[in-house]
Amino acid sequence: MNKVIRLFTKDSAVVPLVAIVLGLIVGAIIMLFGGYDPILAYRSLLKKVFGNPYDFGETLTAITPLIFTGLSVAFAFRTGLFNIGAEGQYIVGMTGATIIGVQVNAPWFIHAPLAIIVGALCGGFWGMIAGYLKAARGVNEVITTIMLNWIALHLGNYLVNTFVLEPGKGRSYFVDDSAAVTIGWLSRAMDNARIHWGMFFAILAVIFVYAYLWRTKSGYELRVVGFNPDAAKYAGINVNKGVVKAMFISGALAGLAGVFQLLGVFLNQPISAGHTGHGFDGIAVALLGGNTPLGVLFGAILFGTLSYGAAGMSFGADVPPEIIRIVIGSVIFFVAAPGIIRWVLKQLRLRKNKGEVA
Amino acid sequence: MNKADTVVEMRNITKRFPGIVANDRVSFELKQGEIHALLGENGAGKSTLMNILFGLYQPDEGEIFVNGEQVVIDGPNKAIKLGIGMVHQHFKLVHPFTVTENIILGSEPTKGLAVNYKSANEKVANLSKQYGLNVDPTATIDEISVGMQQRVEILKTLYRGADILIFDEPTAVLTPQEIEELLVIMRKLVEQGKSIILITHKLKEIMAIADQVTIVRRGKWIDTLPVAGMNPNQLAEKMVGREVSLKLDKKSAVLGEPVLELDKLVVKGRQGLRALNETSFVLRRGEILGIAGVEGNGQSELIEAITGLRPIESGSLKVLGTEMAGAKTRKLSEAGISLIPEDRHKHGLVLDFPMRENMVLETYYLPQFSKGGFLDYDAIDAHAKRLIAEFDVRTPGIHTPARALSGGNQQKAIIAREVDKNPEILIAAQPTRGLDVGAIEFIHKRLVEQRNMGKAVLLISFELDEIMQLSDRIAVMYEGRIVGEVDPAQTSDEELGLMMTDFKAPQGGGQRE
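As they're listed, the protein sequences go chains A and B. Here the first sequence stands for residues 1 to 358, numbered as in this note's numbering. Here the second sequence stands for residues 1 to 513, numbered as in this note's numbering.
Careful, some of the hints might be misleading.
To be clear about the criterion: a stretch of chain A counts as covered by chain B if any three or more of its residues have a C-beta under 8 Å from a C-beta of chain B, and this derived list gives those stretches [unchecked claim]:
no., region
1, 76 to 83
2, 207 to 218
In the DSSO-like style, the derived pairs of lysine-lysine whose C-alpha atoms are separated by at most 27 Å in a straight line are [as the list claims (entries may be wrong)]:
no., chain 1, residue 1, chain 2, residue 2
3, B, 78, A, 245
4, A, 245, B, 331
5, B, 111, B, 129
6, A, 241, B, 268
7, A, 217, B, 318
8, A, 233, B, 346
9, B, 264, A, 233
10, A, 233, B, 371
11, B, 129, B, 188
12, A, 217, B, 385
13, B, 371, A, 241
14, B, 251, B, 264
15, B, 111, A, 233
16, A, 241, B, 328
17, A, 233, B, 328
18, A, 241, B, 264
19, A, 241, A, 217
20, A, 217, B, 346
21, B, 238, A, 217
22, B, 188, B, 328
23, B, 328, A, 245
24, A, 241, B, 111
25, B, 129, A, 233
26, A, 241, B, 346
27, B, 331, A, 217
28, A, 233, B, 78
29, B, 111, A, 217
30, A, 233, B, 188
31, B, 371, B, 328
32, A, 346, B, 188
33, B, 264, A, 245
34, A, 245, B, 371
No lab work stands behind these hints, which were simulated from the structure alone. Note that the Cβ used here is the ideal one computed from N, Cα and C, for glycine as well.
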């Protein structure tokens, strides 16, 4: 019994939970200030997410890319890199998949895997550019990845425009059915929610990241490089190679987010004026999840649920979607400031102890 | 008890941390105008006790009296108000700021809205003169030496009106000359009516300067006695709790063939200047070759060149007779070079990794620890358990992060890992820096053991005592060159000291065996 209690009172488990509760409370207070009913709003949120099969399916669809981009950021972080470029890697990965999906003709068992692999490689390549610049020229990856985000946006638009544009539509052709990774029967069972295989690949990616970093030789090397590059050098580990490799894998994970959004959800790529935000949300998800693979999974579920449920809040309780961004923001704030949570917990414990004495 | 000349009294202080009693009813008394050493091994509770006095921790039990009055010190500000100042082991200075700016930080004298730098500079200069500190108030911290930086820390406490100064391991970062100067400063402070608490585990310093010594061991008060009439062995015994030999038993060296040969090695340093300027020496099986020298004369670059971490410009580096100049770190490691690095936190360990992963830092890729790209954690765990047991590394377990271990145990772990690689050449850089007597004894024994087994040991240390005690042969390094070789049995601290500063060319006294 003691063991169970310890498991749940371990800081790592309690802190995020308390952070979420505090975030929701702060959100409620803000809603009260704005003259909205927070209880009704949160009820509407849950109703929106769990109320019917369609919305539930769509919530899962919203969570999937966040798992990938969250893993991407967390993976880089574990190897000592701050990848702000998941957004750009997402776009480049998506573009790769679009071109293969539209231009190649092949049976499904070749076409879909090819589109996925090419998309992942494209994302990985995009990440690798930043890794190479850091390793060879010492350029800070934060700066390069931010700039590469913009290059990716316009490069993606250019490639779509040049190779796969459907005339007069402002978007690419639809990808061939043989490249799509939708799950028709499940979608139909869930009132045409856009369910696709990406979700399962996301779970596999969670397992992959864990197994790779904590079980393999090369993951061990990357972690040494991440935690102590000097010790890595002394141990004869090639730090520069590690940086490039880590950015490749991180980029590939973000690329897969774009790949599955395209092949599973949109099926065509629009010419876009701005970023989707999935890559940036990945930073928040990684932070929520404490940069652990399992944490990222839960972080993505929380983030995706709140984001998707926002529509319900505005519909059911008339709360503007901006408010839910504030709720998400406050949850992240409290997670990122574990000091505050520990202080709150300590006060609670002290009070409890005093109560016992008195 | 309110003796007029007692300035600090701590009575029965108890402080508990989760899982450990850091101080268990420890009492301590400091008299006006004395230097009172607080002696104990790492983790004995010296720093905890002083952090309580400085208000950084609150005691769970016990009372504190300052100048006869009972006080509650709830923070450093309160301690400063009571006239207590602390010179921390790791300086707390703003590097781009000037000396004066650092000193007045937090209590700036103002003139209207502006800081009155003129009067501040004057005050700092006066204080500096009064205590013979010789600090330039307008220099920036970046420009001055580590020894000077420490004096700025001392000035900081004086500026705030401290009468009771706590020095936390003050000599850990200083060169022998700077240590001498510090001792002079401490005497001067006491002459002018200050009282000093000296936290240390170095017996030599206590013998040289302290009036009283209080010994703590595993959180408990052991003894308080006057230093006069004690000898280092007695103190060491009280500190460690068992007999320790400060002298090493060493059979004479049985020399074998050369395993490491440097010939006119040239390596560039950080500023692009020659850090190694045609360095040559030969290291043989079965000997400990000590490299003596003042810090910054090319020792770090020498280690980096031999281990493949720094490119070699010219010259030859032979390992076991094979030319290895320009080889990569891993290749040199596989050729039989092991390194106990200078900075165990920065270079020797990944502090956030569990011990088991730290024990395979250089060998994880070998077939015995990894199969098909995956690490074999069963083998790694067994390996870690064996080394921890063999080398008596005190750790709660193999899953404990290295960060949680004491400095001595971290060093033991590194030595275990390096020695277990069964190297031909063991390079030990500052192997006992910051360690206590017990750990030093252990590490020295292990190094001699390696030599007796016919390995070649290259010892690089800034501690002359260590070099003199361990080496079979001493090479003195000055400005990137070996300026002379001497036989430790036939040389003296003075001769070495002069060679280290190149005042005198080596005499014929240094014999080769």
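Here's how the hints hold up against the structure:
1. 76 to 83: violated (count 0)
2. 207 to 218: holds (count 4)
3. B:78 with A:245: Violated, at about 53 Å.
4. A:245 with B:331: holds, 22 Å
5. B:111 with B:129: Measuring from Cα to Cα gives roughly 25 Å; hence the hint holds.
6. A:241 with B:268: holds, 24 Å
7. A:217 with B:318: Roughly 31 Å between the alpha carbons, so the hint for residue 217 of chain A and residue 318 of chain B is violated.
8. A:233 with B:346: Judged against 27 Å, a Cα distance of about 11 Å means the pair holds.
9. B:264 with A:233: Judged against 27 Å, a Cα distance of about 25 Å means the pair holds.
10. A:233 with B:371: Holds, at about 23 Å.
11. B:129 with B:188: Roughly 11 Å between the alpha carbons, so the hint for residue 129 of chain B and residue 188 of chain B holds.
12. A:217 with B:385: This hinted pair holds, its Cα atoms lying about 20 Å apart.
13. B:371 with A:241: holds, 21 Å
14. B:251 with B:264: Status violated; Cα separation ~32 Å.
15. B:111 with A:233: Roughly 52 Å separates the two Cα atoms, so the pair is violated.
16. A:241 with B:328: holds, 14 Å
17. A:233 with B:328: The hint holds at about 10 Å.
18. A:241 with B:264: Since the Cα atoms of residue 241 of chain A and residue 264 of chain B sit roughly 32 Å apart, the hinted pair is violated (cutoff 27 Å).
19. A:241 with A:217: holds, 14 Å
20. A:217 with B:346: Answer holds: residue 217 of chain A to residue 346 of chain B is near 22 Å, not above 27 Å.
21. B:238 with A:217: violated, 47 Å
22. B:188 with B:328: The given pair, whose Cα atoms are some 52 Å apart, is violated under the 27 Å limit.
23. B:328 with A:245: Distance ~20 Å between residue 328 of chain B and residue 245 of chain A Cα, so the pair holds.
24. A:241 with B:111: At roughly 57 Å apart (the allowed maximum being 27 Å), residue 111 of chain B and residue 241 of chain A break the hint.
25. B:129 with A:233: Given pair residue 129 of chain B, residue 233 of chain A is violated - Cα atoms ~46 Å apart, limit 27 Å.
26. A:241 with B:346: holds, 20 Å
27. B:331 with A:217: Cα-Cα ~18 Å, so holds.
28. A:233 with B:78: This hinted pair is violated, its Cα atoms lying about 45 Å apart.
29. B:111 with A:217: Not satisfied, since the Cα-Cα distance of roughly 63 Å exceeds 27 Å.
30. A:233 with B:188: Violated: residue 233 of chain A and residue 188 of chain B sit about 46 Å apart, past 27 Å.
31. B:371 with B:328: holds, 24 Å
32. A:346 with B:188: violated, 47 Å
33. B:264 with A:245: Not OK: residue 264 of chain B and residue 245 of chain A at ~38 Å, beyond 27 Å, violated.
34. A:245 with B:371: holds, 21 Å
Hint compliance for this structure: hints 1, 3, 7, 14, 15, 18, 21, 22, 24, 25, 28, 29, 30, 32 and 33 are broken, all remaining hints hold.
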